[in-house]
Amino acid sequence: MRKTTKGAIAVGAGVALLLGGAGTMAAWQLTSTAAPGSVSSGQFDLVSNTGATAKWGTATNATTCTPSTVDFPAGGKLVPGDCVIYTQPVTVTASGNRLVATLTISSVANTGVWSGLTASSVTTMDANPAVTGSGSPFTITPGTGTVNATGRVVTTVIFDPATTGNTGQNSTATLNGVSLVLKQTQPTT
Amino acid sequence: MPSRLRPALVACVAVVLLLVGSTTAYAAWSRATTAAAGSVAGGTFAGTVTWSTPLNLAGMYPGETRVGVVQVARTAGTNGRWVYTVGTPTVAVSGAATTASTALATRLTVTPYTAGTFSGTTCGGTPLTLGAASAVQALGSVVQHCVAVQLAANAPGTVQGGAVVVTVPVTLENRSTN
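Taken in sequence, the protein lines are chains A and B. Heads up: the first sequence at position 122 corresponds to 122 in the working numbering, and the numbers run straight through without jumps. Heads up: the second sequence at position 174 corresponds to 174 in the working numbering, and the numbers run straight through without jumps.
You may find that some hints are simply not true.
[Claimed, not checked] From the structure, some residues in chain B lie toward chain A, with a derived Cβ separation under 7 angstroms:
no.	residue
1	A28
2	A32
3	A35
[Claimed, not checked] Each pair of labels, with its calculated beta carbon distance range:
no.	chain 1	residue 1	chain 2	residue 2	range
4	B	Q144	A	D71	32 to 38 angstroms
5	A	G135	B	L139	38 to 44 angstroms
6	A	T104	B	T85	47 to 53 angstroms
[Unchecked claim] Short, incomplete list of chain A residues facing chain B, as computed with Cβ under 7 angstroms:
no.	residue
7	M25
8	S48
9	S68
10	V79
11	T174
By construction, these hints were calculated from the structure, which means they are not laboratory data. By construction, the Cβ of each residue, glycine as well, lies at the ideal position given by its N, Cα and C atoms.
This is chain A alone, in the form it adopts within the complex:
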């Protein structure tokens, strides 16, 4: 066999050996971290009754109360023609980029109401871009900010001026007003 032929065979064998070593190959490696950073939770609160007021008024009929600036004292007693206006502030605090919540108001039955006495409650929320709805339920959508939405529950109590006889004297009625529920709802996106 000539010399040139021998060299070529030897190279081919060496290459074949290298291909057979796939189970022990070393590879370049890089490591890094993917830390998303910190996360925070939002806020969700509902407060009522702080700063409540009660004012005397004069009832011209069974459904109309003309308010005054005179405070109604604790334990004050009503006579026909009297009315009282209770105002209880409501504050909704909420934050959360995808937070959607509803504020639902429902009446709670009064007890001991005598003939000629009426009590009714109306809840309103002040204008706020994060609050929609003209009545229960209101929808609160804070978006990227924190909402401090304010409103009030106004309860008007009227003792009909046309009440006759001794009706209502020495009687006591418990006015339970309304219950307010602020509840998170599932976002649509």
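Following the hints, complete the assembly by docking chain B onto the known chain A.
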């Protein structure tokens, strides 16, 4: 199956399971409170009508006038403002009807006056408008009205010895507290 293909298949199955579970497990924040006005009470309404200066009609003679003072007041501890109305006075036979009493009852004129004062037998003020409500009175007000009773100048002798009762009706009505 070549070994390098197996890990990719396992990852796909796991992702599918998570998506199905999330739509029925939504937890929600919730807050509740109440806005209760509390309790209210009805007040009371009571008043008194008395003769602060008693009316003495004993031994009257024709043409004579006697005076007394009616006092109207609210009872302590009651509530609200008030108005009052003085109605038409009445003269009625006292006890068993007799000729003298019956005759006497028709010969007396009773006149309430606006003022609660008098001088001698003359009441102050002017004759009160009967049946008309007064101005609204404050809770603790006390009001008085002089009442003059005159025996007609032409009363006959048959009225002698007669006995009558003079009544001045006063009605109190409540008004609002403020």
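Hints versus structure:
1. A28: Hint on A28 (chain B): holds, closest Cβ of chain A at ~4 angstroms, below 7 angstroms.
2. A32: holds, 5 angstroms
3. A35: Status holds, d = 4 angstroms.
4. B:Q144 with A:D71: 32 to 38 angstroms: holds, 33 angstroms
5. A:G135 with B:L139: 38 to 44 angstroms: holds, 40 angstroms
6. A:T104 with B:T85: 47 to 53 angstroms: 52 angstroms Cβ-Cβ, so the 47 to 53 angstroms window holds.
7. M25: violated, 14 angstroms
8. S48: S48 (chain A) check passes; min Cβ-Cβ to chain B is 5 angstroms, inside 7 angstroms.
9. S68: OK, holds: S68 (chain A) within 7 angstroms of chain B, min 6 angstroms.
10. V79: holds, 3 angstroms
11. T174: With Cβ-Cβ at 5 angstroms, under 7 angstroms, it holds.
The structure shown violates just one earlier hint, number 7.
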